[in-house]
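Chain residues, written in single-letter form:
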Amino acid sequence: MVKRYGPTLAVDGLTFDVQPGQVTGFLGPNGSGKSTTLRVVLGLDAPTAGSVAVNGSPYRSHHLPLREVGALLEAKAIHPGRSAYNHLLFLARSNRIPRRRVDEVLEIVGLTDVAGKRAGTFSLGMGQRLGIAAALLGDPGILLFDEPVNGLDPEGILWVRNLMRSLAAEGRTVFVSSHLMSEMSLTADHLIVIGRGKLIADTSVSDFVTGKGQVRSRVRVPDPARLTTLVTERGASVATDHDGALLVSGLLAADIGELAAANQLVLHELTPVQASLEEVFMELTRDSVDFHAGTAR
Amino acid sequence: MTAVLGMEWTKLRSVRSTYWTLLFAIAATIGISALICSLYINRYAQLSPADRFEFNATRFSLNGLELAQLAIGVLGALVITNEYSTGVIRATLSAVPQRPSVLAAKALVFGAVILVVGEAASFAAFFLGQSILSSRHIEAHLGDPGVLRAVIGGGLYLTVLGLFALGIGTMIRHTAGAIATLFGLLLVLPGIVAALPLSWQNAIEKWLPANAGQAIFRNGHGGFAGIHQLSPWAGLGIFCAYAAASLILGGVLLVRRDA
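Order-wise, the sequence lines are chains A and B. Read in numbering that gives the first Met the number 0, the first sequence has 151 at position 152, and its numbers run on one by one without any break. Read in numbering that gives the first Met the number 0, the second sequence has 51 at position 52, and its numbers run on one by one without any break.
Worth flagging that the hints you see were computed from the coordinates, not collected in a lab. Here a beta-carbon is modelled for each residue, glycine too, at the ideal position from N, C-alpha and C. Please note that the accuracy of each hint is not assured.
Claimed, not checked - Per the computed footprint, the stretches of chain A lying under chain B, defined by three or more beta-carbons under 8 Å from a beta-carbon of chain B, are:
#1 40-51
#2 91-97
#3 160-172
Using the sequences and the accompanying hints, generate a full structural model.
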């Protein structure tokens with residue numbers, strides 16, 4: 000799928016599938032094309048090239064789509080003068096969803112007490128909850144959430160996390176976009192990573208962290224120079240940790256041990272280091288971030 | 000389609016601005032009528048026979064429509080521009096991706112509401128105005144030629160105007176821009192045309208949206224319908240064509256553009 004806004008290429012040849020029964024994280028830095036992709040999925044924006052199928056056909060061809068796909072796009076996309084109840088009611092009526100379902104979703108997101116209040120008085124977090132209620136309204140098999148934890152307090156974040164996991168456990172397809180790696184490492188099973196509109200990774204969370212030559216080992220030896228020469232000959236790269244230990248990447252810890260033994264080198268420490276999801280993400284998207292913070296010189 | 004109509008009805012009735020603007024439109028139509036008719040009665044004794052000859056009781060009691068049209072025009076634009084300014088449009092189009100149905104439902108629901116409110120206001124203003132004028136026995140009656148047409152026409156004018164505003168709102172998507180465009184066409188354009196040479200004026204003026212549309216409650220029997228005016232129904236027909244064109248163009252843009 001390709002989406003261009005004037006001269007700006009927002010999404011550039013993006014192709015992926017999202018599977019049911021798991022939480023799929025959709026990761027990318029700000030401005031990488033996540034929201035654009037979601038808008039195209041929902042038929043709000045037309046793709047410049049390519050297509051997106053939801054349950055096998057384009058979104059715009061679906062009748063009563065809220066029963067198949069629920070989406071939270073932006074928080075507080077609500078008329079400030081309309082009550083939460085009426086916001087959900089008009090959506091329910093559009094897709095022939097019974098009125099009692101409105102009460103049910105209000106209960107699920109914890110907004111029952113303020114259902115009659117004008118949405119303009121809501122906090123950002125309450126707006127998010129209302130958006131999530133709207134997504135759940137049609138009891139859909141597919142759920143799309145764009146940055147659902149924005150504006151939520153810690154309790155709310157935990158609640159969203161559990162909600163997404165339980166929705167996936169019920170066999171639904173849950174697709175969550177975020178720029179927060181740490182959040183995804185706690186919630187997602189599978190990751191789609193994009194940068195500047197291009198697919199960077201489509202992988203499980205565990206593979207994402209361990210794969211991609213990101214294996215590193217912390218090594219302390221009496222003779223660092225000798226070991227450095229040996230491992231670089233085998234194609235690994237070496238950096239120095241803050242306490243003087245070597246950080247060897249591109250070679251498994253076992254291989255380093257064997258190499259040292261074969262050359263009769265003494266090792267004081269050999270620890271495999273797992274990169275955090277955050278580090279891998281930063282590494283992968285370094286070249287595809289649109290807006291870097293200025294560096295002091 | 001009934002589901003989409005239900006959605007639009009729920010949206011329209013669940014915001015206060017709907018009630019305030021409609022209340023303003025009703026109050027303006029009736030209030031101005033009562034005011035103008037009372038002032039006329041007070042001055043009646045001093046009026047010359049020529050002034051009395053030009054007097055049109057029906058027209059006098061429907062003058063408030065000029066003010067009511069502002070409220071209806073604003074509301075018509077807001078019905079859709081509000082959704083763009085709040086982001087609700089994306090919820091709407093996610094729920095009903097068949098975009099022409101959304102606009103058609105908006106037009107039907109809003110049009111029906113304005114028709115009911117507009118007719119009620121128009122008839123109320125007429126009867127109140129005539130009851131005030133009856134103290135001098137100069138009132139009009141619904142049975143008089145052209146009177147019923149003019150009174151019904153008042154409500155029709157507001158309805159078509161509301162739909163014209165909805166079409167413009169759909170095209171422009173911004174509240175301020177849509178309202179400026181609408182009132183530019185309705186109120187400012189006649190002033191510009193009035194600055195043209197007289198022969199041009201006479202050719203163009205009657206085709207302008209406001210002049211064409213208002214023919215239904217201004218022109219014909221009893222009013223000073225000049226030779227350069229359209230007949231009441233022809234005028235309303237032209238006004239309907241403006242509204243239809245704005246809705247069709249708005250609909251085409253709604254389908255083509257990203258939401």
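So, going through the hints one by one against the coordinates:
no.	hint	in the structure
1	40-51	holds (count 5)
2	91-97	holds (count 4)
3	160-172	violated (count 0)
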